[in-house]
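Asks: Join the two chains, each given in its own frame, into one complex according to the hints.
Listed here are the chains, written in short residue letters.
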Amino acid sequence: MAVASVVILTAVTLAVLLGPLIWRVPINEIDFTARLAAPSWQHPFGTDDLGQDLLARMLYGGRISLAVGFSAMAVAIVAGTVIGAISGISRGSIDAVLMWITDLFLALPQLPLLLLVIYLFRDFLKNLVGPEGGVFILIVLVIGCFRWMPVARLVRAQFLSLREKEFVEAARALGATTPRLVIRHILPNSLGPVIVAGTIDVAAAIIAESTLSFLGLGFPPDIPTWGRLLFDAKDYLDIAPHWALFAGGAIFLTVLAINFIGDGLRDLLDPRKVM
Amino acid sequence: MGKYILRRLIIALPSLLGISLILFVLLALAPGDPFGELASNSNIPPEVQEALRVKFGIDDPILIRYFRWLVAMLHGDWGFSFASRIDVDQLILQRIPTTLFVVGSSQILALAIALPVGVYAAMRPYSIFDQIANTLAFIGFSLPTFFTGLLLILIFSVNLGWLPFVYRVDISATGWHWYWEYFKQAIMPVSVLGLFQAASYTRYVRSAVLDVIRLDYVTTARSKGLNERKVIVKHVVRNALIPVVTLVALQMPAVFGGAIITEQIFRIPGIGSLLITAILANDTPVIMAVTFVFACLVVAFNLMADIIYGWLDPRISYR
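Chains as they are written, first to last, in my numbering: chain C, 37 to 311; chain Z, -8 to 310.
Source of the hints: derived by calculation from the structure; they are not laboratory data.
Glycine included, each C-beta is placed from N, C-alpha and C at the ideal position.
Hints should not be assumed to be uniformly reliable.
What the hints assert, rightly or not - A short, non-exhaustive set of chain C residues, derived as facing chain Z with CB atoms under 8 Å: (1) LEU140; (2) LEU144; (3) PRO145; (4) GLN146; (5) LEU152; (6) LEU217; (7) LEU253; (8) PRO256; (9) LEU273; (10) LEU292.
Only chain Z is shown next, with the shape it has when bound in the complex (with noise of 0.2 Å):
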């Protein structure tokens, strides 16, 4: 098992490495360069120009230029936002952990339910509540999630007024009151979230299990006397849920990009509204940060895919 952890490690940092080199390539193709707006200003005479841009070897050539963005990256120097005038670093650490609890959230939610459909669907296929469970998924992932986020804000908050719509971090309230403001104001964008990833988890846990369910092994655990729940518990769900962890663990750089589209609609000060204001903004180092930061965490939930896959899998980890 170390062994095969070790492997993966020794293929994720690579990926990671590649992924940083595309981002950095993309940046460097497009046309202009943060020196562009001091070009256009004519109190600059254009030997300081010049000696500003050697100074920060704006034109040596790519690689060299990537190897010390990295080797600045790697030392936490992640710059300074142009926009908010503060560290780059310090900003992002400032929003991951609200993102992180809303995409943990809704990623719990999302399983709590589709695992239970979903086994109880394909224990019963094409039977009414198969059916009504399948239509259901399917409207589910067929709603974008801004315009189910929209018609809950429209039905929650601005009709029944039961809930606010603008996520606060710093709420003025102590102990129990603290925590029922914090959940009215987090269900929202995590149901929205966690409703969306359900609706497909919930159809590959159906296939999933339908395809474990006609198995000689099963019928076999059946045969012995084993009660029903037994069976799809100890022996069905435990071989079905292999294929979905990897689904799971696969889905998150999407569930990343969806958490960008609710911060936006529900204003959660995360790192996907950061992104968008650095974009709207024109704020450089945020974005490329920001970017690198979401590919990190792509490649580690790869990771993290691989090493649960290996251990729920004992036949995987001894290849």
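For reference, chain C alone in the conformation it holds in the complex (with noise of 0.2 Å):
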């Protein structure tokens, strides 16, 4: 199942990235003559209520929604682990106090906040960077910022039961200063779960920022993410269903191709199987 599922991201990677390429429809291209017309030869997907034709919007709204992903998932892998590496090689009162830090960001209500931070952002950022950036940038960071934890207290764990193996202790025997040994040895070595985590993350992170624009407060309106497109096909379920069901379908197929890899990478990384 994790083959077949990497065979499916890596096909609508492709997809997102060279189709508009070769599907050179305008998104914006509005015809009234062909209002949420069914799928056909001439607009595979159908088109929604401008006359816009879908295949098109979802090959450019799978753009956005997949940067978004991974780029929350490196914010967030990369914050978890300096954070949980830290932890992991200082005893005593950092440990503590960064823990202490950890465990109140767990206790956030994640989806309230991040209304209430790009509510309270969005025209600030939208001033400094242009509407679309500045919402990208706000997205990903509020998503990275919530999905930290769970990797820094996976390093941390993983820096703990490291930190007394014989190979650490030879290298520091050798003359290996703090940072060297983490950088060179200890993190190398704890990088398994972390990965696990991060293709967690990657499917968290689309189905925020779908959830986001779904309620309205993503991207702006021309911009058509897979959550805007089911945020726009909601009011038209009976009489245009296929609108829904694609970019419904689109998010629903990446993400399970996603945690199926990321099942299928826990498996392969974790020894223990059930006799």
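Replies: Set out below in structure tokens:
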């Protein structure tokens, strides 16, 4: 299943990256004669209520959704690994303080705070970097900020167990400084669970971004991210179900593939097997 | 046990204060303030604006404003909604029962599905039942809740016409008819939330039971001659439930987040949809109060998880 998922995910990524070069229908070509058309050869996924071609919009939106997913995962993993590493290598008060901060962040209600931060800072970032860039940075930062805690805990747990091993002791006896110990010896061996957590983070970030767009609080309305497509589609469910089905199906397929990959990776990295 | 509960309470209160501080600082850092609109209104002379700002203490340092807000919240003065023109605490009290009903029923449904399926799948690992259950669980938590909700509305309300898709708190009926109407309108949102949670709980229950079922005391119990049901129920499930309970309680924040979406789709008048309407209407007092309520619920559920964990596993409470 995991191999099939890698194939599917690669297919989706390639489609999203190269698709707009092949399928050159513009995403905002309004054509009222073809409103809410069912799938046909001219419009393989149908059209929406303004006659815009859905395949083109989905390919464009897919780029943004996938970009948000991977960037948010990168932020979460980098932040989590740094904090977990610092916490794991230094015992005592630094560890206690960092773990208390982690627990505090874990106790924050995720979706309400996400909505609150977007509501508060959207205009500010819009003026700073332009509407799309501003919202992109905001969403990536905020989603990343809510996902670093499990990564930090995993890294810290790995560090606490690895630092007692003989190879670390040997390296320290050879005169390795602490940063060198961390970067060259302990960190590479602790990245296994982090990779698994990373794949789950991508899925969670894609769902979070779709949720925000679905609630009308994500990207500006003219950018057709998958969640936004669902948001627009939900009012036309009875006369144009293909719209919602394609948009939701894309999210579902991508997230399913990522989850299967994560599960396969976990089976690969975890030597336990049930007899 | 009492000392354990006391220790947990002592940890929970600073967490609540910490969360409320973060919320307040977030709001204070945001550009703009409630008097921004007044500033653009040319009818109000600048001296009056200055006087208003001083009177409400808008420019005081953050910590003073935070303490003033905290004291007000603790007194029960939660502010006045800009958009709805009633006191915020009344607004929230009106809507909380609905949300609690939907969230509570969905958790009960999720556990009712996940526990039997997870235990049975773990008892026969890698069998057909296990593989089907695993695949269904994956599909379950890969489907975003808004998509499932839309699909269910499409199938059951639009095409088949069996279930209403607008949630009404004031159903004009009495007796059994009232219960039936309520059940019909609640079944879709509760099952959307419940099935999503059931998918992730099933996998977790399965792995927790798999961890326990190989241990020596289970083999001892079996070799003592106890029948399989007693072994499973009295020994395996009781011990496997411990991490599951922790997970359920720790998932509550996420469940409330999922409830926000479900309330939007099914137009349920709960505090989730209150938050969204307040955000879209720029209604700051309501936003602050609802987010604070969510934070309180999260801390309360974490506390409950700790207490139940301490009760289920006596080894914990002696530390």
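Asks: Hint by hint, say whether it matches the structure.
Replies: Do the hints match the structure? See the list:
no. : hint   : in the structure
1   : LEU140 : 5 Å, holds
2   : LEU144 : 6 Å, holds
3   : PRO145 : 4 Å, holds
4   : GLN146 : 6 Å, holds
5   : LEU152 : 6 Å, holds
6   : LEU217 : 31 Å, violated
7   : LEU253 : 7 Å, holds
8   : PRO256 : 15 Å, violated
9   : LEU273 : 5 Å, holds
10  : LEU292 : 4 Å, holds
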